[in-house]
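Student: Sequence:
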Amino acid sequence: MATPLIRAVLLIRDGGFASAVAGPAEILRLAGVAPRVLAGRPTRPRFRVTIASPDGGLVACVGGLTAQAEAALADLGVPDLVLVGSSGISGKAIAVGPADAGVSGWLRAAYDGGAVIAAVCSGVFQLGRAGLLDGRRATTHWAYADDLRRLVPAADVRPARMVIDDDRIVTAGGVNAASDLALHLVERFCGREEARDLANALVLDLPRAAQSEYAGWLGPSGHGDDAVMRVQRAIAARPEAVAGVEALAASVGLSPRSLARRFRAATGETVIECIQRLRVARARELLESERLPVEAVSRRVGYEDVAFFRRLFRKYTGLTPSGHRQRFGLPDGGRPSAAGD
1 MATPLIRAVL LIRDGGFASA VAGPAEILRL AGVAPRVLAG RPTRPRFRVT
51 IASPDGGLVA CVGGLTAQAE AALADLGVPD LVLVGSSGIS GKAIAVGPAD
101 AGVSGWLRAA YDGGAVIAAV CSGVFQLGRA GLLDGRRATT HWAYADDLRR
151 LVPAADVRPA RMVIDDDRIV TAGGVNAASD LALHLVERFC GREEARDLAN
201 ALVLDLPRAA QSEYAGWLGP SGHGDDAVMR VQRAIAARPE AVAGVEALAA
251 SVGLSPRSLA RRFRAATGET VIECIQRLRV ARARELLESE RLPVEAVSRR
301 VGYEDVAFFR RLFRKYTGLT PSGHRQRFGL PDGGRPSAAG D
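All residue numbers for the sequence shown refer to full-length UniProt numbering, where the first residue is 1 and numbers rise by one.
The set of hints was computed from the structure by calculation and includes no laboratory data.
There could be a bad hint or two in this list.
[Unchecked claim] Label-pair distances were calculated between CB atoms; the ranges are:
{"#": "1", "residue 1": "Pro293", "residue 2": "Arg150", "range": "38 to 46 Å"}
{"#": "2", "residue 1": "Ala143", "residue 2": "Ala265", "range": "18 to 26 Å"}
{"#": "3", "residue 1": "Leu5", "residue 2": "Arg41", "range": "16 to 24 Å"}
{"#": "4", "residue 1": "Ala109", "residue 2": "Arg150", "range": "21 to 29 Å"}
{"#": "5", "residue 1": "Gly224", "residue 2": "Arg29", "range": "40 to 48 Å"}
{"#": "6", "residue 1": "Asp112", "residue 2": "Arg196", "range": "27 to 35 Å"}
{"#": "7", "residue 1": "Ala247", "residue 2": "Gly113", "range": "45 to 53 Å"}
{"#": "8", "residue 1": "Asp305", "residue 2": "Arg41", "range": "40 to 48 Å"}
{"#": "9", "residue 1": "Gly64", "residue 2": "Ala250", "range": "53 to 61 Å"}
{"#": "10", "residue 1": "Ser258", "residue 2": "Gln68", "range": "50 to 58 Å"}
C-beta atoms are modelled at their ideal positions from N, C-alpha and C, and glycine is treated no differently.
Work out the full structure, taking the sequences as your base and the hints as a guide.
Tutor: As structure tokens, this is what we get:
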């Protein structure tokens, strides 16, 4: 018996990026197809994709492109998967639009009906307005993180992550994370092997863990807590030299407990998470630009325990240090061999 197709609805809206929907649509439609065509095997499509808009009409996208939706949301039943595309790059991208109430109601009904709800970049705000992010971890474009925290105070916003899967709510960072999101959804619905084969066929990397390379140190700056801001700047200046939470707290006249509470409230992460993330970011720079052994990189960013450094690096990037170097580092040629991971 043939496996039923996974029903996916991709929502595109005026002012949004066509690529945030067209890219995932291609990836989903090619699951079970592209790898098999290249291998000379019969195809086995996995998804039935419908591109929808609030009213089913023509959509004006960023860059002067237009797209014709295949259906209006109101005409569709509950699918297995919904993906909300980006809604643009200006302040309007995260503002309430005239169709938002209807879209929010449809998304809530789809979620209540068992659908997985995904969104990329500024499209994540639509999930917030639908009440689907309360009490959940979520990501969005790093520049919109503070705005999302203000919109949904009950959400745990983590802009350093490229894709976050929290039960049946899946969010992704900047618009170019759409391919990461689509491959993640292929893996979620079809398994790791299917996603890996598709990524290889399309010459794509499997989903990245972080978008920190696009946002510098990614410290939220609109929180208004001067003490926290000074600590953020101190960590960002030399993360490898940070002595610990106690020393940071003393430098701004707070107790460690007060700093921990205020830092989490202001930034959405703990002081230790901030230090670790920035040390890993520095390690990535070293692995990409220098030919140091992994042990030397570990010490350079503040970790004498190389095994711990390797585990931490993988947690934040999805790769081992050596794997990251192989993918993003300098070409071989006289580089000392890094210790295995």
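Student: Look at each hint and say if it fits the structure.
Tutor: Now for the hints, and whether the structure bears them out:
1. Pro293 with Arg150: 38 to 46 Å: For Arg150 against Pro293, whose Cβ atoms are near 45 Å apart, the range 38 to 46 Å holds.
2. Ala143 with Ala265: 18 to 26 Å: holds (21 Å)
3. Leu5 with Arg41: 16 to 24 Å: holds (18 Å)
4. Ala109 with Arg150: 21 to 29 Å: 26 Å Cβ-Cβ, so the 21 to 29 Å window holds.
5. Gly224 with Arg29: 40 to 48 Å: Between Gly224 and Arg29, where Cβ atoms are some 46 Å apart, the hint holds.
6. Asp112 with Arg196: 27 to 35 Å: holds (33 Å)
7. Ala247 with Gly113: 45 to 53 Å: holds (52 Å)
8. Asp305 with Arg41: 40 to 48 Å: Check passed, 47 Å falls within 40 to 48 Å.
9. Gly64 with Ala250: 53 to 61 Å: holds (55 Å)
10. Ser258 with Gln68: 50 to 58 Å: Roughly 56 Å apart at Cβ, these two residues keep to the hinted range, so it holds.
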